[in-house]
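Below, each chain spelled out in residue letters.
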Amino acid sequence: METDNRFYILFPNHHQGLRLSQLLRERGIDYLIAPTPRQLSTCCGISLIVKGGDLEEASQVIAEHEIVVEKIAPAPKRDGDWKYRSC
Amino acid sequence: MADYREMWSNLDMDLEKHDVLCQVLPEVFGEVYLSQQKRPRGMDFYDFVVSEIHGVRPAELIEHQKSGGKVFGTFCVYVPDEIVFAAGGIATGLCGGSQFWVAAGEKVLPPNTCPLIKASVGARLDKTCPFFRIADMFVGETTCDGKKKAWEILASEVPMHVIDIPQMKRAQDVNAFEREIHSFIKVVEDFTGSKISADSLGESIKLINNKRKALQRLYEARKAAAVPISGKDALLVTQIAFYDDPSRCAQMANQLSEELEERISRKEGVFPEDTLRIMISGTPMAIPNWKLHHIVETSGAAVVVEESCTGTRYFENLVDETAPTLERQVRALAERYMKTNCACFTPNSARIDDILRLAEEYKVDGIIDTNLQFCNLYSTESHLVKQALAEKNIPVLHLETDYSEQDFEQLRTRVQAFLEMLRE
Ligand code: SF4
Ligand code: SF4
Chain A
1 METDNRFYIL
11 FPNHHQGLRL
21 SQLLRERGID
31 YLIAPTPRQL
41 STCCGISLIV
51 KGGDLEEASQ
61 VIAEHEIVVE
71 KIAPAPKRDG
81 DWKYRSC
Chain B
1 MADYREMWSN
11 LDMDLEKHDV
21 LCQVLPEVFG
31 EVYLSQQKRP
41 RGMDFYDFVV
51 SEIHGVRPAE
61 LIEHQKSGGK
71 VFGTFCVYVP
81 DEIVFAAGGI
91 ATGLCGGSQF
101 WVAAGEKVLP
111 PNTCPLIKAS
121 VGARLDKTCP
131 FFRIADMFVG
141 ETTCDGKKKA
151 WEILASEVPM
161 HVIDIPQMKR
171 AQDVNAFERE
181 IHSFIKVVED
191 FTGSKISADS
201 LGESIKLINN
211 KRKALQRLYE
221 ARKAAAVPIS
231 GKDALLVTQI
241 AFYDDPSRCA
251 QMANQLSEEL
261 EERISRKEGV
271 FPEDTLRIMI
281 SGTPMAIPNW
291 KLHHIVETSG
301 AAVVVEESCT
311 GTRYFENLVD
321 ETAPTLERQV
331 RALAERYMKT
341 NCACFTPNSA
351 RIDDILRLAE
361 EYKVDGIIDT
371 NLQFCNLYST
381 ESHLVKQALA
391 EKNIPVLHLE
401 TDYSEQDFEQ
411 LRTRVQAFLE
421 MLRE
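Those sequence lines, one after another, are chains A and B.
So the first sequence is numbered by my numbering: it starts at 1 and just counts up by one.
So the second sequence is numbered by my numbering: it starts at 1 and just counts up by one.
In case anyone wonders, no lab produced these hints; they're calculated from the structure.
Quick reminder that beta carbons are idealized off the backbone N, C-alpha and C, glycines included.
Some hints could be false.
Here are some chain A residues pointing at chain B (derived, C-beta under 10 Å) [as the list claims (entries may be wrong)]:
no.: 1; residue: 27
no.: 2; residue: 29
no.: 3; residue: 31
no.: 4; residue: 65
no.: 5; residue: 83
Not everything, but these chain B residues come out facing chain A in the computed CB check (under 10 Å) [as the list claims (entries may be wrong)]:
no.: 6; residue: 17
no.: 7; residue: 33
no.: 8; residue: 46
no.: 9; residue: 294
no.: 10; residue: 295
no.: 11; residue: 299
no.: 12; residue: 406
Looking at chain B on its own, in the form it has when it is part of the complex (with noise of 0.2 Å):
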C-alpha cells in the first residue's frame, strides 16, 4: 500500500488523529459510491482520487513548490484562480466538507456557525488535512460573516489575503470588484515573485475555462430523459474540480461527458424509467458531504442538477477570451465573476432566475432547497425561493442540515414524504 506516512508528518500532521478519518472514508465511500449500479466507466478516476485523497494531489503539490512553485488555498467561487494560475501557482479548494473536522472548529467558533466554517477552520487547527498544511498562502472573501471572521483566526496560522466582494452588483460594485482584482494580482505577484502578462493571464483565463466548459458539458448530459449518471457522481466530479489540476480536470470530464453522449444515444439511463428528477439548490456540499444525494437516490428519485457552488455556480459563465490586454481581461474577469449569484448579495434576484431557468433546462419534478445549519443567507432566502417557485407552481422543501448523521433518518422521512406528494 502506498505509503504517506513520512509526507504527513513532514507537514507536521496529526498522525494519529487523522488515522480516524481514514478508517472511515473507505466504508462511507464503499456504501454510498461504490455500491451504485451502472456507473459510467469514466467514474474510475474519480474513485481512484477519492482512494488516494490526501496521496496523491498533496505530493503533486508539494513537488509543485519544491521546484519553487507556490500553492494558494482558497474558499469561495468568487476568487478568480485564473490570477493564481497566470502567476505560475497553483490555487486548491479549501473547502472543509468532513464532520470529522467539525469539533476542532467548534473549539474556537461559536456554536451556530456553519459546518463549512467551523470543519475549515478545524481541519487546519486540527493538522489533520494535508491540502490546509500545504498551502501557502489562504485567499479569504468578504461573503458572510462567519468567514470574514474565520480568516482572522487562521490568519494567524498561513499568510492571509483577502479580497473584498461587493455586496450589491451595481455598476459601482463591479467596477470596484475590477480594482479588487488588481490589488490581488500584486499580491499575488508579490507573493509568488512572477509577473502577471497579458499572454500568461490570457493562457491561464482559456485553462479554467476549458475547465468550465467540460463542467457545463457534463451538466448537459444530466438534461437527458435517462439520465447517464448519477446525482452523486456528478456531485463527486464537481467536488475534485475544485482541487485537481484544472487541465486534468477538463480532460476527465469531457472524457467522462463523451461516455455520457454515447449513453444518451442508446437512451441508457442509470436509473429506472419516470424516476422523479430533483434539482438540489442551495450551500455548497464540499467533499465528503453526499448526505443529501444519498438521501434523494436512496429514495427512488435522481438528482439532475444543483444550483449551487459545488454545482452550476462553480462553472455557469466563461471569461471572455477575446480581451487583448491586461486592463481588460481584468475587465471581463471582473464582469464574470459577478454573474455568479450567491445569497451573500442584496438583492439577489438573479439567483431565482437561475432556479427557473433550471429547473426547466432540467425538466425537474421539484426543488430541494437546502441550506447548512446557520447559514443565515441562504436560510432567509428560502423565503423568496419558495414564493417564486410557488408562482410558477414548482414543488420546493426546504431543508437545513449539518455535516452529522443525526438528522439523517429524519430527513430521510422528510425526503420521501415530498416525493410521495411529487409522485401523486
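Bound-form chain A, shown alone (with noise of 0.2 Å):
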C-alpha cells in the first residue's frame, strides 16, 4: 500500500474492526490492520489503514453495516527516512 494520503480508521474494540476489514476484503477495498499509533489514541488495539481514496467507499461501508467507529483520522506524518529502533 502507497505510503501517504493514508488514513487511520479507529474503533472502540476489536470487534468493530475485525467486522469491517472482513467487509473490505469482501469488497475488494485495500486496507491494512495496524496498531494504533500513540499520536492518533492513548489506548492501545487495532485500527485499519486505508488509502485516501478510498475513504468515501469505506464511510460508505461503514454506514451501510452501522460499524461503531471511535474516530478517523490522517495517519500521522514522519519527518525524512525511519531510522530503526528497538521496542
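Since each chain comes alone in its own frame, lean on the hints to assemble the complex.
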C-alpha cells in the first residue's frame, strides 16, 4: 500500500475493527490491520489503515453495516527517513 | 479503543512504564512490517495479534483462570507443552524479546548476561508484561548457565518448576529425560488438581503435533523458487505460535499456507526474481526482535528459513501418536524432544547436520549464523558451524548482536558486504 495519503480508522473494540476488515475485503478495498499510533489515541488496539482514495467507499461500508467507529484521522506524518529503533 | 487498563492494573502492572512500550510498538511495527509489499492476506490475523498484543490473549488466559484453569509460563522448546494441556492447563511462551525489558533485568543480573535472559527477568520484575503477571507457574529448564541462575531469582516471585534437561544424548540421557517428564506430570497434576490419562495426553499430543504440522507446511512453502512470504512475516507467525492457543495457531497457519500454496502455483513471490536466499541459524528471536530479518530484507535478500528455536527447532519432528499407554506416550515425548538440537548439548553435531540439510532443502545462497550477545554456547559452536560450512563451500557470516538499535548500522554494513560477496 502506498505510504502517503493514508487514513486510520479507530474503533471502540477489536470486534468492530475485524468486522470492517472482513467487509472491506469482500468489497475489494485495500486495508491494513495496524496497532493504533500513540499520536491518535492513548489506548492501544487495532485500527484499520485505508488509502485516501478509498476513504469514501469505506465510509459507505461503515454506514451501511452500522460499524461503530471511534474516529477517522489522517496517518501521522513522519519526517524524513525512518531510522530503525528497538521496541 | 479497547481499554485494557483495568485488566492491567488488576494484574498489578506498572501502567506508566508499560505505556512507554505501547508508544513505540505501533511505529516500529508499521515501519518494519506494514511497509512490506505484497504481503499475504493471511497475515491479517498476525497483524491483529500484534495490535492487541497485551490485550486479547491475556484476556483469554484470565478467562481460563476464572474457570479454574492454570497458566504455565515456559522459556524453552524442550519443555513438553503436551503435559500442561493434557491436565487442562495452558502453556504460554515467555521468552523476552524486547529491549524495553533489558534495563530492569540488568538491575539484578551481571552485565554479561544474554539479552533474552535480561529481558525475561526484567519483564517480570518491572511489571510491564501481562503474560509474566498472569502465569501461575513458571517452568524453567537446565539449559544454559544464565537461565539456570535466573530461575533462582524468578522463583522468589512465582512458583517455579525446573526441568532437568540432559546435556548429552546418550541412551541413558534420553531415559533420564523420560523420568523427568514423569516428574513434570506429577508437578502439573498436583498444581492443576487434574489427573493426566493416556486419553488426555493422546489428545494433547495430537493438538501440539497439529500445530507443528501447520508450521511445517508454512515453512515448506518457503522452499519455492518465488518465495511467497517474507522471512519477517514467517518469523512473526512462529513468534506468535509460542503463546497463541495451539489449535487456533494451527488453523491460522494452515489458512495462510493455503494462500501461499496458491501463490506458488501462480509463481507469485514477494521478492523480485533472483533475490538472494538466506538462512539464519542460531539463537531464538523472541517477539518483538525483528532486527536481523529487517536488515537482511531491506538489503535486497530474503530470509527463507530460520534454524533456531523461533524456527525449525520449534516444530521439526512429531511425537508418535500411536503409543497406546501413558508410559509409552511419555517415552515418545522423550524421544521427540531429545531430537531437538540446541548448543546446550555436547556434542551437538546433529545441529550442523540440520544446518547442512536445511541449506540444501531451502536452496540457500548463504547463511547468517547469529547469536545473542554473551551467549557463550552458540558463540562457541559457531566455530564448528563455520568449519562445516566451509567444507561444503557454503558462505557464512557470523554475527553477534543484542536487542538494542546501537549496532544496527554496523550490522547492516556487514550484512550488505556479505550479500555483495554472494552476488559476485
Ligand atoms: S536456544 Fe536452547 S535453551 Fe534457548 S530456547 Fe532454544 S533450546 Fe532452549
Ligand atoms: S541465547 Fe544463549 S545465553 Fe541466551 S538464553 Fe539462549 S542459550 Fe542462554
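Against the structure, the hints come out as follows:
{"no.": "1", "hint": "27", "in the structure": "violated, 14 Å"}
{"no.": "2", "hint": "29", "in the structure": "violated, 13 Å"}
{"no.": "3", "hint": "31", "in the structure": "holds, 9 Å"}
{"no.": "4", "hint": "65", "in the structure": "violated, 18 Å"}
{"no.": "5", "hint": "83", "in the structure": "holds, 8 Å"}
{"no.": "6", "hint": "17", "in the structure": "violated, 14 Å"}
{"no.": "7", "hint": "33", "in the structure": "holds, 9 Å"}
{"no.": "8", "hint": "46", "in the structure": "holds, 9 Å"}
{"no.": "9", "hint": "294", "in the structure": "holds, 7 Å"}
{"no.": "10", "hint": "295", "in the structure": "holds, 8 Å"}
{"no.": "11", "hint": "299", "in the structure": "violated, 12 Å"}
{"no.": "12", "hint": "406", "in the structure": "holds, 9 Å"}
Hint violations for this structure: numbers 1, 2, 4, 6, 11, all remaining hints satisfied.
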